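Engineer: Sequence:
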Amino acid sequence: MQNEVNLFVKALLSGNQKEAWNISQMVLKQQGHSLPLYNGLITESMREIGRLWEENEINVADEHLATSTCDFVLSLYHSKRTANLRYMNEQPKAMFLCIEEEQHDIGLKLTSHLFEQKGWKTRLYGANLPLDALVSAAIEWKPEVIGLSVTIPYHLVNLNKFVRTLEDLPHRPTVLVGGRLVAEYDLRSHCSDQTLLLKDLNELDRWLENCSAGVKVNDKY
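Numbered per the UniProt record's numbering, the sequence shown spans residues 1 to 221.
Just so you know, these hints were derived from the structure itself, not from any lab.
The structure presented is a predicted model; accordingly, all values stated were derived computationally and were not measured.
Every residue gets a Cβ at the ideal spot worked out from N, C-alpha and C, and that includes glycine.
Treat each hint with caution, since some may be false.
To be verified - Capping the alpha-carbon separation at 25 Å, the derived lysine-lysine pairs in BS3-like fashion look like this: (1) LYS93 x LYS118; (2) LYS18 x LYS80; (3) LYS118 x LYS29; (4) LYS109 x LYS161; (5) LYS29 x LYS80; (6) LYS142 x LYS18; (7) LYS18 x LYS29; (8) LYS109 x LYS121; (9) LYS142 x LYS29; (10) LYS80 x LYS93; (11) LYS10 x LYS109; (12) LYS109 x LYS142; (13) LYS142 x LYS93; (14) LYS161 x LYS199; (15) LYS121 x LYS142; (16) LYS93 x LYS10; (17) LYS109 x LYS93; (18) LYS10 x LYS29; (19) LYS80 x LYS142; (20) LYS161 x LYS118; (21) LYS142 x LYS161; (22) LYS118 x LYS80; (23) LYS93 x LYS161; (24) LYS18 x LYS121.
Said to hold, decoys possible - Label pairs and their in silico Cβ distance ranges: (25) ASN56 x GLU209: 37 to 43 Å; (26) GLN194 x ALA133: 22 to 28 Å; (27) GLU101 x LYS29: 35 to 41 Å; (28) ASP193 x GLY15: 41 to 47 Å; (29) ALA137 x ARG51: 44 to 50 Å; (30) TRP53 x ASN16: 16 to 22 Å; (31) ASN56 x GLU90: 46 to 52 Å.
Let the hints inform the model, and build the full structure from the sequences given.
Structural biologist: Have a look at this one:
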């Protein structure tokens, strides 16, 4: 997979949508399902883009071009993947967002897409959603799960406020926290005992499988 990641990173940085799409389809053909594409190719490639940016090997314009190209591939694949899906009327609901000031939402989109492919009804609110707007939307829609993404350490100051406020909503949603920081740091002090901290998409996939097997939504995986 490392060779494919290197090629994908090169395509992203050059803004070559066609080449990036072809590489993604090659990986999908080799692996047979979405998770290796999401977790092995896209996530690892975007981590490498982030590393290059942090070490000043690429500039902000390069990072934005890579992100935009990756977003194109992800959106095209998801539209094709879900075009013929049929859902039940009473499917569970999940909403996803980046906490206030957080701008990196590729991982959030991957998470939302996995939920949708498992039969959930989803709403994707994207980057930098203020807490008051989130609370209003959650009270109106009443999702069983609210997924939060945080990837930048200095945004952690907002995480505890988001988690506590959401877990105290009248319908008591399960709050799921993901993002690069979950894999790198112990974030339990920013959350509650009920918060689900998921380090990567493999853990998320196992949790979703448990849900489909009848495990309660707020159970640990």
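Engineer: All hints, please: hold or fail.
Structural biologist: Each hint, compared with the structure:
As the CA atoms of LYS93 and LYS118 are separated by approximately 11 Å, the hinted pair is consistent with the 25 Å bound. Restraint check for LYS18 and LYS80: the C-alpha separation of about 16 Å stays at or below 25 Å, so the hint holds. For the proposed pair LYS118 and LYS29, the alpha carbon gap of about 20 Å is at most 25 Å, so the pair holds. Restraint check for LYS109 and LYS161: the C-alpha separation of about 23 Å stays at or below 25 Å, so the hint holds.
Of the pairs offered as hints, the one joining LYS29 and LYS80 holds, with about 14 Å between alpha carbons and a cut-off of 25 Å not exceeded. Among the hinted pairs, LYS142 with LYS18 is inconsistent with the structure: their alpha-carbon atoms are about 39 Å apart, more than 25 Å. Simply put, LYS18 and LYS29 have alpha-carbon atoms about 16 Å apart, close enough for the 25 Å limit, and the pair holds. For a cut-off of 25 Å, the pair hint linking LYS109 to LYS121 stands: about 14 Å separates their Cα positions.
Straight-line distance between C-alpha atoms of LYS142 and LYS29 comes to about 38 Å, which puts the hinted pair past the 25 Å bound. Of the supplied pair hints, the one linking LYS80 and LYS93 holds, its CA atoms being roughly 21 Å apart against a limit of 25 Å. Proposed proximity of LYS10 and LYS109 is supported: the alpha carbons are some 22 Å apart, at most 25 Å. A threshold of 25 Å between alpha carbons decides the hint, and for LYS109 with LYS142 the separation of about 20 Å falls inside it, so the pair holds.
Taking the CA atoms of LYS142 and LYS93, the gap is about 8 Å. The hint holds against a cut of 25 Å. For the suggested pair LYS161 and LYS199, the alpha carbons sit about 21 Å apart, so the restraint of at most 25 Å is met. A C-alpha spacing of about 12 Å is found between LYS121 and LYS142, which places the hinted pair at or below 25 Å, so the restraint holds. Under the criterion of a C-alpha separation no larger than 25 Å, the hint pairing LYS93 with LYS10 is inconsistent with the structure, at around 37 Å.
For the suggested pair LYS109 and LYS93, the alpha carbons sit about 15 Å apart, so the restraint of at most 25 Å is met. A distance of roughly 20 Å separates the Cα atoms of LYS10 and LYS29; the hinted pair therefore holds under the 25 Å criterion. Distance hint between LYS80 and LYS142 is unfulfilled; the C-alpha atoms sit about 28 Å from each other, more than 25 Å. Our distance criterion of 25 Å between C-alpha atoms is broken by LYS161 and LYS118, whose separation comes to about 29 Å.
For the given pair, LYS142 sits about 19 Å from LYS161 by alpha-carbon distance, which is consistent with the 25 Å threshold. Note on LYS118 and LYS80: the hinted pairing holds, with a Cα-Cα distance of about 15 Å set against a maximum of 25 Å. For the hint pairing LYS93 with LYS161, the CA-to-CA distance comes to about 22 Å; that is within 25 Å, so the pair holds. As the CA atoms of LYS18 and LYS121 are separated by approximately 30 Å, the hinted pair breaks the 25 Å bound.
About 41 Å separates the C-beta atoms of ASN56 and GLU209, a value consistent with the hinted range of 37 to 43 Å. A hinted range of 22 to 28 Å holds for the C-beta pair GLN194 and ALA133, which are about 23 Å apart. At about 39 Å, the beta-carbon gap between GLU101 and LYS29 stays in the expected band of 35 to 41 Å. At about 45 Å, the beta-carbon gap between ASP193 and GLY15 stays in the expected band of 41 to 47 Å.
Taking 44 to 50 Å as the suggested C-beta distance range, the pair ALA137 and ARG51 does not conform, at roughly 34 Å. Remark: the range hint 16 to 22 Å for TRP53 to ASN16 is upheld by a beta-carbon distance near 19 Å. The hinted range of 46 to 52 Å is satisfied by ASN56 and GLU90, whose Cβ atoms lie roughly 51 Å apart.
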